[in-house]
Amino acid sequence: MNEIETLFLEMKDTSELMIDLAYSALLYDSREIAEEVFNLEEMIDELNANIQRKSVASAVNDGNVEKALVLLRLATCIESIADGAMEIADVVLRDIEPHPILRMSVMESDTIIARVAVDGKSVLVDKTLGETKLTSKTGMWVIAIRREKSWFFGPDENTILKKGDIIFARGPKEAEEDLFKIASGRKR
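One point on numbering: in the numbering used here, the residue at position 174 of the sequence shown is 174, and numbering is uninterrupted.
Treat the hints as calculated values from the structure; they're not laboratory data. Be a bit skeptical, because a hint or two may be false.
[Said to hold, decoys possible] Calculated pairs, DSBU-like style, for lysine-lysine (alpha carbon to alpha carbon, straight line, at most 30 Å):
{"id": "1", "residue 1": "Lys127", "residue 2": "Lys12"}
{"id": "2", "residue 1": "Lys137", "residue 2": "Lys187"}
{"id": "3", "residue 1": "Lys149", "residue 2": "Lys162"}
[Stated by the list, open to error] Label-pair distances were calculated between CB atoms; the ranges are:
{"id": "4", "residue 1": "Thr76", "residue 2": "Ser105", "range": "26 to 34 Å"}
{"id": "5", "residue 1": "Glu66", "residue 2": "Phe153", "range": "25 to 33 Å"}
{"id": "6", "residue 1": "Glu157", "residue 2": "Val60", "range": "42 to 50 Å"}
{"id": "7", "residue 1": "Leu9", "residue 2": "Ser136", "range": "27 to 35 Å"}
{"id": "8", "residue 1": "Pro98", "residue 2": "Ala57", "range": "42 to 50 Å"}
{"id": "9", "residue 1": "Phe153", "residue 2": "Val60", "range": "25 to 33 Å"}
{"id": "10", "residue 1": "Cys77", "residue 2": "Arg31", "range": "25 to 33 Å"}
{"id": "11", "residue 1": "Gly63", "residue 2": "His99", "range": "50 to 58 Å"}
{"id": "12", "residue 1": "Phe153", "residue 2": "Gly63", "range": "28 to 36 Å"}
{"id": "13", "residue 1": "Met104", "residue 2": "Asn61", "range": "50 to 58 Å"}
{"id": "14", "residue 1": "Glu5", "residue 2": "Arg188", "range": "40 to 48 Å"}
{"id": "15", "residue 1": "Gly63", "residue 2": "Pro172", "range": "48 to 56 Å"}
{"id": "16", "residue 1": "Asp13", "residue 2": "Leu93", "range": "19 to 27 Å"}
Ideal Cβ positions, reconstructed from N, Cα and C, are used throughout, including at glycine.
Can you make the complete structure from the sequences, with help from the hints?
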């Protein structure tokens, strides 16, 4: 995979996560998750700028302007998706009252996205997701991890958790508390 393809993949994964997080922030009125969407938007902007630079450089080198235009348009489309997620999250941050239909959908929904920090006292520290058996213990499926400014999308059983990691997990509402307890070190 070349560098531009890698950047596109990261941009696509990031925008998908932003949509998931934005809807969760809206449905569950979570300022924390809404703020994560805004942080991810900065990452999207950087990726988009890198793709634009590399696409133009590629066109200068090989003379294929049409290919560069396609890449620029695709990057712009992904940026638009990310901007849409940011607008959804902005509703939460501006404390706009959700529509009654949204409230009804929250009551009917059986799946949430939780955001938890891994504390230094947690049994999760320095263990792989496979070793922790987090999904079977809590019912929550880890969909992304933020470690400082780095993101890991779709982590697998070999992904190692570190102190300070922010875990984003999807699962039933009733499983959220167990996830918080394990990540905070209050439960083994």
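Any hints this thing doesn't respect? Which numbers, in order? none
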